[in-house]
Structures are given as C-alpha cells and as structure tokens.
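Throw the hints in and build the complete structure from the sequences for me.
Heads up: the sequence shown begins at 1220 in this note's numbering, then just goes up one per residue.
These are computed hints drawn from the structure, not numbers from a lab. Here the structure is a predicted model, which is why all the values come from computation and not from measurement. Each hint should be verified, as a subset may be incorrect.
[To be verified] Here are the computed lysine-lysine pairs in the DSS-like style, where the Cα-Cα straight-line distance is at most 27 Å:
(1) Lys1348 / Lys1245
(2) Lys1249 / Lys1231
(3) Lys1231 / Lys1245
(4) Lys1231 / Lys1348
[Claimed, not checked] The calculated label-pair distances, taken between Cβ atoms and stated as ranges, are:
(5) Gly1330 / Asp1258: 32 to 40 Å
(6) Asp1258 / Leu1292: 14 to 22 Å
(7) Gly1342 / Glu1278: 20 to 28 Å
(8) Leu1292 / Gln1241: 21 to 29 Å
(9) Cys1349 / Ala1307: 37 to 45 Å
(10) Gly1259 / Ser1304: 16 to 24 Å
(11) Ser1332 / Leu1239: 36 to 44 Å
(12) Val1329 / Leu1305: 18 to 26 Å
(13) Glu1299 / Glu1345: 25 to 33 Å
(14) Arg1306 / Gln1242: 24 to 32 Å
(15) Gln1242 / Asp1302: 28 to 36 Å
(16) Glu1334 / Met1243: 19 to 27 Å
(17) Leu1350 / Leu1292: 30 to 38 Å
(18) Glu1278 / Ile1300: 16 to 24 Å
All C-beta atoms in this analysis are idealised placements derived from N, C-alpha and C, irrespective of residue type, glycine included.
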Amino acid sequence: MVGIVIVSHSAKVAEGIRELAQQMAKPEQKIIAAGGMADGSIGTDAMRVSEAIEEAMTEAGVVVMVDLGSAVLSTDTALEILDESLRARVRIADAPILEGTIGAVVEASVGSSLEQVLATAEGAREMRKCL
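Printed below as a string of structure tokens:
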C-alpha cells in the first residue's frame, strides 16, 4: 500500500489533515505528518520531511502532499538526502493538500499503484464543491 506524507508549514494543519485522512484509511496504512519546524514555529524542514518519507516508505512507494511552494522546495531537498533507491519511489503531488490527501489515502487503501494514487490526488484539483 502506498504511503502518504503530508508536508505543511503548520504542524497543526499537517496533523489535522492526517487525523481526517485516518478516518478513511486502513489501520495499517502509513500516513505521516511532517508539519512545521522542530521548535514548533511555522515553516518546513527538509530533514523532517526526509524522515517522514522514510517512515512512510513501503514497497509500493510514497506520495508527498504539500501545501505551498516552499514545501515543494523542502521536499525536493529531502529527496536529495534519500538514497536513490528510495527516491525513485517517491512522487510529489501537485494537488490541493486536504482534498488530494483524502483521495490519495482512499486510492492507496484499495491497493492501487503509486502512479494511480498520484493521479487521484492530482485529480482533486478538478473537484467541485458547489454547483
């Protein structure tokens, strides 16, 4: 099952999204929050993201959900830290962090491939809330 990492500038946001996503996940599913800085301040920490990716890693890989542009930069830096064999099984989703995470978790929970989980997360960009 594909693991999910949630990278937000806020630890509270990352944990909140994780808590919501766990309601739709299987008990053994790996959903790791990597929000904020080590001192509790707002920001993203490449080392924290790297550790979260390693914790979430499965044979199927990991999809990383990000909130803002600099979270992408921190995730890119985190990927550089990882061994190449792990890096090859990580995708960063270009998706809304909440809706994308929920979609990714549900898709991963049915055993879909890394690319299918990524596509579902990114498909959340088109999801309409109001008609």
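Hint by hint, which ones does this structure get wrong, listed from lowest number up? 10 and 11
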